[in-house]
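Residue numbers (this note's numbering), protein chains in the order written: chain A, 1 to 395; chain B, 1 to 356.
These are calculated hints, taken from the structure and not from any lab test.
Some but not every residue of chain B turned toward chain A, in silico, with C-beta under 8 Å:
#: 1; residue: 256
#: 2; residue: 257
#: 3; residue: 275
#: 4; residue: 340
#: 5; residue: 341
Derived pair list, reagent style SDA-like, types lysine to any residue, alpha-carbon separation capped at 20 Å:
#: 6; chain 1: A; residue 1: 130; chain 2: B; residue 2: 339
#: 7; chain 1: B; residue 1: 311; chain 2: A; residue 2: 249
#: 8; chain 1: A; residue 1: 342; chain 2: A; residue 2: 387
#: 9; chain 1: A; residue 1: 127; chain 2: B; residue 2: 266
#: 10; chain 1: B; residue 1: 155; chain 2: A; residue 2: 239
#: 11; chain 1: B; residue 1: 264; chain 2: A; residue 2: 225
#: 12; chain 1: B; residue 1: 264; chain 2: A; residue 2: 125
#: 13; chain 1: A; residue 1: 130; chain 2: B; residue 2: 270
#: 14; chain 1: B; residue 1: 341; chain 2: A; residue 2: 63
#: 15; chain 1: A; residue 1: 130; chain 2: B; residue 2: 213
#: 16; chain 1: B; residue 1: 311; chain 2: A; residue 2: 241
#: 17; chain 1: B; residue 1: 155; chain 2: A; residue 2: 241
Using N, Cα and C, we set each Cβ at its ideal position, and we do this for glycine too.
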Amino acid sequence: MTRRPRKRRSPAARSVPPPTRPQPPSSPPTADPPPADDSVPVLEVAAIERPSDPHVVERIRELESRIDRMIDAHARERESSHDAVAQPSRPEIPRAPSSTRPTPVPEPEGVFDTARELLSTDFYLRKWGKLGLRNRSEEVDEFGYDPVYELKVLPIFDFLYDRYFRVEVHGVENVPRDGRCLLVANHSGTLPLDGIMLRMAVRREHPAHREVRWLAEDVIFHFPFLGSFTNRMGAVRACQENAERLLAHEALVAVFPEGLKGIGKLFRDRYRLQRFGRGGFVKLGLRTSTPVVPVAIVGGEETNPMLTRIEYLTRALGIPYVPVTPTFPLLGPVGLLPAPTKWKIFFGEPIALDGYGPEAVEDEILVGRLTEQIRAEIQQKLDLAVRERRSVWFG
Amino acid sequence: MGDYLRAPMSRPRNLARAEAKPRVVAVTGAAGFLGSNLIGSLEEDDRVGRIVAIESAPIANPGRKTRAYEVDLTEPTADGRVAEIFSAEHVDTVAHLAFLPAPTHAAAWAHELESVGTMHVTVAARHAQVRKLLLWSHTWLYGAHPSNPNFLTEKQPLRAPVREPFFADKIQAEEQARKLALRSPGAIVTILRTAPILGPTVQNTITKYLARKIVPTMMGFDPLVQLLHEIDAIAAFHLAVLRDVPGTFNIVGEGVLPLSTVIKLAGRIALPIPHPLAQSFAAVGWVAQLVEAPPSFLKYLRFLCVADGLKAREELGFVPTYTTREALLDFVSAQRLRDLKLLTEPRVDERKESVA
Chain A
1 MTRRPRKRRS
11 PAARSVPPPT
21 RPQPPSSPPT
31 ADPPPADDSV
41 PVLEVAAIER
51 PSDPHVVERI
61 RELESRIDRM
71 IDAHARERES
81 SHDAVAQPSR
91 PEIPRAPSST
101 RPTPVPEPEG
111 VFDTARELLS
121 TDFYLRKWGK
131 LGLRNRSEEV
141 DEFGYDPVYE
151 LKVLPIFDFL
161 YDRYFRVEVH
171 GVENVPRDGR
181 CLLVANHSGT
191 LPLDGIMLRM
201 AVRREHPAHR
211 EVRWLAEDVI
221 FHFPFLGSFT
231 NRMGAVRACQ
241 ENAERLLAHE
251 ALVAVFPEGL
261 KGIGKLFRDR
271 YRLQRFGRGG
281 FVKLGLRTST
291 PVVPVAIVGG
301 EETNPMLTRI
311 EYLTRALGIP
321 YVPVTPTFPL
331 LGPVGLLPAP
341 TKWKIFFGEP
351 IALDGYGPEA
361 VEDEILVGRL
371 TEQIRAEIQQ
381 KLDLAVRERR
391 SVWFG
Chain B
1 MGDYLRAPMS
11 RPRNLARAEA
21 KPRVVAVTGA
31 AGFLGSNLIG
41 SLEEDDRVGR
51 IVAIESAPIA
61 NPGRKTRAYE
71 VDLTEPTADG
81 RVAEIFSAEH
91 VDTVAHLAFL
101 PAPTHAAAWA
111 HELESVGTMH
121 VTVAARHAQV
131 RKLLLWSHTW
141 LYGAHPSNPN
151 FLTEKQPLRA
161 PVREPFFADK
171 IQAEEQARKL
181 ALRSPGAIVT
191 ILRTAPILGP
201 TVQNTITKYL
211 ARKIVPTMMG
221 FDPLVQLLHE
231 IDAIAAFHLA
241 VLRDVPGTFN
251 IVGEGVLPLS
261 TVIKLAGRIA
271 LPIPHPLAQS
281 FAAVGWVAQL
291 VEAPPSFLKY
301 LRFLCVADGL
311 KAREELGFVP
321 TYTTREALLD
331 FVSAQRLRDL
341 KLLTEPRVDE
351 RKESVA
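Excised from the complex, chain A in its bound form:
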């Protein structure tokens, strides 16, 4: 049997026997193979396979002419129905029954027919279909990253990266050139743009131009548009299973252990790292012996400075809170536009997590200590960078 048998024992296939079914040759191929008709591709296949049995050829031809007749009849039927819709006043051309008209009607020409074409619903359906298929990505990866879609929106993020935030990158060479690695960064800004900016920074500035996959909070996937958008851009829902699967593919994974608390911190708490979850990323690193690169992102906190949060009535909608920034509810959606601050991204030295043995994952004290060590390093980098910064806007 072939590796990919198709339509096996299918009732639908039975109703129209496949005309190209290979027949076992009972005698050597006859001298005159059935003449191939250019207009019927199925016939060509039949001719190539040279079914020797004349009965088979006859049967195939009979079936094909039947299919042709059916297609003809159907096409004519549709045409006439569209005529009736488009030009109700036009007198109906009497049509002969399908059996007496074996050849299809010649293509109509002229202004009148163009108008008729434009007025048919089929025309717009075809256009719609073409439009839909134009920018279709051939394949998304198993986590939903769509490279074609990303290319489409990339100019916006290029602009944000180059002109708007003028991202400055320090120490990107600390990220290993290949192999699995965890980037651990502070989370900031009401709109979490830092994942995308981190991804762009590594892709553009790193010598190996590595692709970063970042882990995004669950709550993003609750929202329409936002969830599928970030997913197509390369974000993956933050959970141990996903992270392990990515690291097993030797990917470069960015995590924001502060999570929602990081995005949701008020302006007065800016650049003060929140609790680093429950040390999930350290356990992940220990389990998969992945080195951790601490990353400090400066500039994100001032893009949408959150003054307060509205938390009542929002839970029912599945939203954790509604942010209040100097501009947000006041100016409507426009108020969510980020301020053009100067961004700096600092990459620290990689911290190896493979020397602790397999039972280290269970050692909560060790996990806590390592988490705190990494947190302190990022905090230190943030403090230094914020102290040395002379202006929020110009760096």
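Starting from the known structure of chain A, arrange chain B on it as the hints suggest.
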């Protein structure tokens, strides 16, 4: 399919036991899509000696090895009757496939068939000391949640909306099969959770959904979709009949596609509906029998429900021959002919409709 059924097995000892003597395989739901095709597939396999087809209506044209029995699993005495058949025929393996492929309005009857029917079959299997029970289940039972990992493993809890009888009955059926495994330690219980099955001939919720000219979607949501080709589904059950691997397995095609791409490839027009409104539209549509699924299925249009087929590959040796994309395209090629009325609709199970 045949090739990899004969391919070298990861566990030769299973093979040795399997080839000791031809098996007697009982198939419930023998007239359904999976049942009838599995019987057809087993008919051609020399390692299966006899097939016992159990169905509530007479089977048209049973094969050479098939013996058909008429049993209605919803009847209270079905367990005794099935146990008698199992004992009389010396049944070795039961493939329990009597499940509905799509939600029905006759929820009470569906409950009797799926949940109570499975209880009857497991009780009968225990009485007749059947060696192995195969159960058909769905990856849908994991439920679609924004908090799902991208690939659900068999260890994940079943979080499908239990208010929906379609899911609740299947979850109960799985529980009963697991109970059988606990109560009769010698028995092998294999649960195959298939991804939504698609192909040229199968008819279920997905094919009905994609057969619409205008396909409703949830505005702003574009979940990843995973499909299984019908041939692969049949092959997986055939494989599970031959190999004795207890446990639960996700039977899925490779790769994922965003729902929007699925609809585009099917040549349909997506109609995005804001999800707060969709719930009530779907409820009205379901009651009025205008839509093919109750509102609890809308979550699957919003969130991810994709399973990991690694365990089936490693332990069962199941490798899908079709990817998600190929399964879809195979369905689309048949659906095009159906749209042009060049193919008749796949056979609707008239009997089940009439009982409902």
